[in-house]
Amino acid sequence: MSTPFAVWPPLTWGILVAPVVAGLLGTLAPAFGYLPAIGLTRPGLEAFVELLALPGVWVSVALTLCTTLAATALAWLLACAFVASTTALPRARPLRRLLSPLLAAPHVAIALGLAFLVAPSGFLIRLVSPALSGLTSPPLWVFPGDPFGIALVLALVVKEMPFLVLMLLAAQAGRPVERQLLAARSLGHGPLAAWSVAVLPQLYPSLRLPLFAVIAYGASPVDMALVLGPSVPPVLAVRVIELLGHPDLVHWATGAAAAVLLLALAGLAMVAWWLCEWPVQTLAKRLLRRGPPARPRVSFALPALVVPAAVGVAGLASLAVMMLWSIAGRWRFPDSWPDDLHLDAWIAAPDQLGVALLVTAGLALVVGLAATSLALLCLEAETHRSRPVPARWQLWLYLPLVVPQAAFLFGIQVLLVALRVDGSLTAVALVHLTFVLPYAFLALAGAVRTFDPRWALVGRSLGHRPGAVFWRIKLPMLAAPVATAFALSVAVSAALYLPTLFAGSGQVRTLALEAVALASSDRRSAGVVVTLLAALPMCAFLLAALVRARVERRA
Amino acid sequence: MRRISTPVAYFVMLLLTIVSASRTQASWEEKLAAADGQTVRFNAWAGSPAINGYIAWVGDEVHSRYGVTLDHVKITDASEAVARIVAERAAGRETNGSVDLLWINGENFHALKRAELLHGPFAFELPNFRLVDTDGKPTTLIDFTVPTDGYESPWGMAQFVLLYDSAALPEPPRSTSALGDWIAANPGRFTHPAPPDFIGTTFLKQLLLDTTPDRAPLGGPVDEATAADLTAPLWAWLDEASPHFWRRGRAFPSDGQALHQLLDDGEVTMSLSFNPGEASQLIAAGRLPETVRTTTFAAGTIGNTHFVAIPASSSSKVGAEIVANFLLSPVAQARKQDPRIWGDPTVLDLDRLDAADRALFEALPLGVATLPPAALGPTLAEPHPSWVDWLEREWQRRVQG
Numbered sequence: 001m002s003t004p005f006a007v008w009p010p011l012t013w014g015i016l017v018a019p020v021v022a023g024l025l026g027t028l029a030p031a032f033g034y035l036p037a038i039g040l041t042r043p044g045l046e047a048f049v050e051l052l053a054l055p056g057v058w059v060s061v062a063l064t065l066c067t068t069l070a071a072t073a074l075a076w077l078l079a080c081a082f083v084a085s086t087t088a089l090p091r092a093r094p095l096r097r098l099l100s101p102l103l104a105a106p107h108v109a110i111a112l113g114l115a116f117l118v119a120p121s122g123f124l125i126r127l128v129s130p131a132l133s134g135l136t137s138p139p140l141w142v143f144p145g146d147p148f149g150i151a152l153v154l155a156l157v158v159k160e161m162p163f164l165v166l167m168l169l170a171a172q173a174g175r176p177v178e179r180q181l182l183a184a185r186s187l188g189h190g191p192l193a194a195w196s197v198a199v200l201p202q203l204y205p206s207l208r209l210p211l212f213a214v215i216a217y218g219a220s221p222v223d224m225a226l227v228l229g230p231s232v233p234p235v236l237a238v239r240v241i242e243l244l245g246h247p248d249l250v251h252w253a254t255g256a257a258a259a260v261l262l263l264a265l266a267g268l269a270m271v272a273w274w275l276c277e278w279p280v281q282t283l284a285k286r287l288l289r290r291g292p293p294a295r296p297r298v299s300f301a302l303p304a305l306v307v308p309a310a311v312g313v314a315g316l317a318s319l320a321v322m323m324l325w326s327i328a329g330r331w332r333f334p335d336s337w338p339d340d341l342h343l344d345a346w347i348a349a350p351d352q353l354g355v356a357l358l359v360t361a362g363l364a365l366v367v368g369l370a371a372t373s374l375a376l377l378c379l380e381a382e383t384h385r386s387r388p389v390p391a392r393w394q395l396w397l398y399l400p401l402v403v404p405q406a407a408f409l410f411g412i413q414v415l416l417v418a419l420r421v422d423g424s425l426t427a428v429a430l431v432h433l434t435f436v437l438p439y440a441f442l443a444l445a446g447a448v449r450t451f452d453p454r455w456a457l458v459g460r461s462l463g464h465r466p467g468a469v470f471w472r473i474k475l476p477m478l479a480a481p482v483a484t485a486f487a488l489s490v491a492v493s494a495a496l497y498l499p500t501l502f503a504g505s506g507q508v509r510t511l512a513l514e515a516v517a518l519a520s521s522d523r524r525s526a527g528v529v530v531t532l533l534a535a536l537p538m539c540a541f542l543l544a545a546l547v548r549a550r551v552e553r554r555a
Numbered sequence: 001m002r003r004i005s006t007p008v009a010y011f012v013m014l015l016l017t018i019v020s021a022s023r024t025q026a027s028w029e030e031k032l033a034a035a036d037g038q039t040v041r042f043n044a045w046a047g048s049p050a051i052n053g054y055i056a057w058v059g060d061e062v063h064s065r066y067g068v069t070l071d072h073v074k075i076t077d078a079s080e081a082v083a084r085i086v087a088e089r090a091a092g093r094e095t096n097g098s099v100d101l102l103w104i105n106g107e108n109f110h111a112l113k114r115a116e117l118l119h120g121p122f123a124f125e126l127p128n129f130r131l132v133d134t135d136g137k138p139t140t141l142i143d144f145t146v147p148t149d150g151y152e153s154p155w156g157m158a159q160f161v162l163l164y165d166s167a168a169l170p171e172p173p174r175s176t177s178a179l180g181d182w183i184a185a186n187p188g189r190f191t192h193p194a195p196p197d198f199i200g201t202t203f204l205k206q207l208l209l210d211t212t213p214d215r216a217p218l219g220g221p222v223d224e225a226t227a228a229d230l231t232a233p234l235w236a237w238l239d240e241a242s243p244h245f246w247r248r249g250r251a252f253p254s255d256g257q258a259l260h261q262l263l264d265d266g267e268v269t270m271s272l273s274f275n276p277g278e279a280s281q282l283i284a285a286g287r288l289p290e291t292v293r294t295t296t297f298a299a300g301t302i303g304n305t306h307f308v309a310i311p312a313s314s315s316s317k318v319g320a321e322i323v324a325n326f327l328l329s330p331v332a333q334a335r336k337q338d339p340r341i342w343g344d345p346t347v348l349d350l351d352r353l354d355a356a357d358r359a360l361f362e363a364l365p366l367g368v369a370t371l372p373p374a375a376l377g378p379t380l381a382e383p384h385p386s387w388v389d390w391l392e393r394e395w396q397r398r399v400q401g
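Just so you know, the protein sequences line up as chains A and B, in that order.
Everything in the first sequence is counted per this note's numbering, starting at 1 for the first residue and increasing by one.
Everything in the second sequence is counted per this note's numbering, starting at 1 for the first residue and increasing by one.
Keep in mind the hints are simulated off the structure, nothing from the lab.
Careful, some of the hints might be misleading.
Said to hold, decoys possible - Cross-link-like lysine to any residue pairs, in silico, SDA-like; alpha carbons within 25 Å at most: (1) B:K113 / A:G245; (2) B:K137 / B:P147; (3) A:K474 / A:T383; (4) B:K113 / A:E178; (5) B:K113 / A:L249; (6) B:K113 / A:E242; (7) A:K285 / A:E178; (8) B:K113 / A:H246; (9) B:K113 / A:I38; (10) A:K474 / A:R454.
Stated by the list, open to error - Sample of chain B residues at the chain A side, in silico, Cβ under 8 Å: (11) S79; (12) V82; (13) A83; (14) S98; (15) K113; (16) E116; (17) L117; (18) L141; (19) I142; (20) A194; (21) D255.
Claimed, not checked - If you anchor each label on the Cβ, the simulated ranges turn out as follows: (22) A:V313 / B:L350: 36 to 44 Å; (23) B:R93 / A:L425: 16 to 24 Å; (24) B:V368 / A:L45: 55 to 63 Å; (25) B:G67 / A:L425: 19 to 27 Å; (26) B:G67 / A:L543: 38 to 46 Å; (27) A:S336 / B:W28: 40 to 48 Å; (28) A:L543 / B:A285: 30 to 38 Å; (29) A:H342 / B:D354: 48 to 56 Å.
Please read these numbers as outputs of a predicted model, since none were measured by experiment.
Just so it is clear, CB atoms sit at the ideal spot from N, CA and C, and this is done for glycine as well.
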């Protein structure tokens, strides 16, 4: 049956898939020696030979693999511990709300704050100096910016753990978790073990793709890596950006080859993760068969909460110290508080950051609206289909998220330059849409799919057309999840760094770009940017909360 | 052959001067009219709030004076804009390029000039160019040993200086070898930005000039056959010093601004700059302690000029020339040199200014941490631009390999 909604799924599919495929082709071609515009006409492997001859390239490769997998595994473990313990301890559940500012805060904002928090001259050391530590000058640690990328892994965990928690909670919602836990507990499992044996195995299949998205992001964390290191040599994604930004075009093919290598590494990491599922599963089964311990042990629920909560607090503290810097006067080591507070950086902000704020907010608004509408229309189209949507469709949704950004954005730039729309707001908005759509979709899918079809039936039986039913009955009833999807879209758009850098040719300056540019210079200005970057999505989430409150009051 | 009498010759020369001057005048008037309403996209490094503020002021001025809209495209490195210009040419874009005016010097200028991607020569025709101190500041005409030929217009002077916290270091080292000794005695308190950042690369070039037995070959392109010998003492110095660097030489700050931040945090005791007035400006902005001072090496430090250039693909060339000319005006140059604004030394010859304009400069405070021009010491010439890429690659090979 053809309905007014039938055109939207193919269009949306195109927005999700076309840029990624075009971008990958535009990266693969120069990597293998073909891009006539810059004089590459002989296909071959020269670019890869050149790449592997770069100093320290193998260190960059190893760093990329290790930081990606370590960050993903840690974030996953902590997310599970957090969800399991807050499920077991209802009183700890408000802690879940603490994570939402971290979800909304852009990567670079967290990185900047964390860098100041843990540096040898940073906030934590200042708190205990000189009184407790006896230090009058900063200690000589090789951290952050350590050659092993530990600081980078920490920052990634702070940012990705809340995302996985959200995904776990979303997967857990609508399942009879309480009953399953009760059953497991009555068999003698402790609260954490009960969650791990009874709930987690059901959730895992829907968590695999989000985990792959975390791996893909961990493989190309350029904005975080620029702030937190390592620097000599950096992770591979940073080298991709350096090579592609080199004024000598000879380096572009090498950069494209590095992007292809990065893609392969991300794939390798995903395969490694997938292979690890087997031994973990076997081990879990063996433990399960052995059954719960004879004597019930002490509950680990509270201790299991400590580390994830500490990670959350570290993230919030990162944002807080940057906000403090935005109003700080002189603030030198070892003082734990600024000498004085003033608003100079905020007074200078309209001149220096006004345009960036407008561009960021405008983009987020337009992209958020477009993404939410498209997701909604596609989901609505689903309900008008006679056959259910194949599950494979869902895989496409994740495509922009599971391919490392640095691997295909160069190709998109080549395409945009050829179409002569590079550096335009339109180009940036379109590329943003590709990255925002999956999140809007994920945020909406549950609510739309579980929407009681009888409401629509009532509307139809009253003589309304499908369009009118959608606008006048369904949409008002779905206002709360729609507002949440919009807020999430705003947050994702505001945080995008690499897509903005490439599609905008560095000319469309958003707050995320300003944050990286100011990262090294003036902490007060950087503090202002971080505050604005954190505030923008918070405003959107606040709006969503207001909408939800209104809907609930009406109901 | 009859000799022309001297008074007649003088008269003819005077006449010629007037005619040519009025011709430039007339065409400049035409340009001013043509520029009204143009938008100039000025691609300029934007890592310093002070400089961004100055560029915003220039934008206000050229808008109210000439009706030119200045759009500061904030970039993190000039090479970004160079890459974009080259990419646009590669994609076949001959006009309406995304860059109208570009802050540039050295190897980036060399690359664009060699590829014939620059508009010009235009600089010598700018009315304010006659005020430039081309005799006293020869680098306004020769950029990293490459003649500008009028394809870029001078904007400011630079000399490599060392910043130090006089509270922790009363007597700063004033030579490369003294610096090495100080670093060994004070581990963890010195570092430099990672090349290819230009401050990091300039530090390598300074070390190279100070340690090499023979400076003459550095004025020409890199010769792979002799480069290893010429640079051996430089790498020996670094091998000895870098284990005592900040973070044991296993991490480096990303640029000069990050290094200043480390100095303010007390993690290091010295910092590096290409602007003798920057320390004063940072103190005024509350970003460095008031005890910071500036010094140079007694045997001299590298000096150069930074410029603005106009890409051939710009569609606002006239507007860009008018901005370049305004940047050379005494009022703009004096404001730029003000340590409370930016603190970047002028390219002008104060003797060529009229009394009122000269007073603008004489009224400027020197700045608490700025050395008077006489105390800056000799300036050393930049090596040939090909050394930049060579040193950067060799440094990366040694540090990352």
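Going down the list of hints, with the structure as the test:
Distance restraint check for B:K113 and A:G245: the Cα-Cα separation of roughly 19 Å lies within the 25 Å cut-off, and the hinted pair is therefore satisfied. About 13 Å separates the Cα atoms of B:K137 and B:P147, which keeps this hinted pair within 25 Å; it holds. The hinted pair formed by A:K474 and A:T383 meets the criterion: a straight-line CA distance of about 12 Å does not exceed 25 Å. Restraint check for B:K113 and A:E178: not satisfied, since their Cα atoms lie roughly 72 Å apart, outside the 25 Å limit.
For the hint pairing B:K113 with A:L249, the CA-to-CA distance comes to about 15 Å; that is within 25 Å, so the pair holds. A distance of roughly 23 Å separates the Cα atoms of B:K113 and A:E242; the hinted pair therefore holds under the 25 Å criterion. The hinted pair formed by A:K285 and A:E178 meets the criterion: a straight-line CA distance of about 22 Å does not exceed 25 Å. For the given pair, B:K113 sits about 17 Å from A:H246 by alpha-carbon distance, which is consistent with the 25 Å threshold.
Under the criterion of a C-alpha separation no larger than 25 Å, the hint pairing B:K113 with A:I38 is consistent with the structure, at around 18 Å. Taking the CA atoms of A:K474 and A:R454, the gap is near 11 Å; set against the 25 Å cutoff, the hint holds. A distance limit of 8 Å between C-beta atoms decides the matter here; for B:S79 the minimum to chain A is near 4 Å, and the interface restraint holds. Below 8 Å, beta-carbon pairs count as interface contacts, and B:V82 has one with chain A at about 4 Å; its hint therefore holds.
Hint status for B:A83: holds, given a least beta-carbon distance of 5 Å to chain A, under 8 Å. Given the 8 Å rule on beta carbons, the hint for B:S98 holds: about 5 Å separates it from the nearest Cβ of chain A. Look at B:K113: its Cβ only gets to about 12 Å from chain A, farther than 8 Å, so that hint breaks. With a cut of 8 Å, the hint placing B:E116 at the interface with chain A is violated, because the nearest CB-to-CB distance is about 15 Å.
Interface restraint check: B:L117 against chain A, minimum CB-CB distance 11 Å, threshold 8 Å, status violated. Taken as an interface hint, B:L141 does not check out: its beta carbon lies about 23 Å from the nearest beta carbon of chain A, beyond 8 Å. The interface hint given for B:I142 is broken, as the beta carbon of that residue sits about 21 Å from the closest beta carbon of chain A, more than 8 Å. The criterion of a C-beta within 8 Å of any C-beta in chain A is met by B:A194, whose closest approach is roughly 6 Å, and the hint holds.
Interface hint at B:D255: satisfied, since its Cβ lies 6 Å from the closest Cβ of chain A, which is below the 8 Å cut-off. The hinted window of 36 to 44 Å between A:V313 and B:L350 is violated, with their beta carbons roughly 58 Å apart. Taking 16 to 24 Å as the suggested C-beta distance range, the pair B:R93 and A:L425 conforms, at roughly 19 Å. Separated by about 58 Å at the C-beta atoms, B:V368 and A:L45 satisfy the suggested range of 55 to 63 Å.
Distance hint for B:G67 and A:L425: a CB-CB separation of about 25 Å, consistent with the stated range 19 to 27 Å. In this structure the supplied range 38 to 46 Å holds for B:G67 paired with A:L543, their Cβ-Cβ distance being about 41 Å. Evaluation of the 40 to 48 Å hint for A:S336 and B:W28 yields a failure: the beta carbon distance comes to about 59 Å. At roughly 37 Å, the beta carbons of A:L543 and B:A285 sit within the given window of 30 to 38 Å.
Taking the beta carbon of each, A:H342 and B:D354 are about 40 Å apart, not inside 48 to 56 Å as hinted.
Comparing the model with each numbered hint stated earlier shows that hints 4, 15, 16, 17, 18, 19, 22, 27, 29 do not hold.
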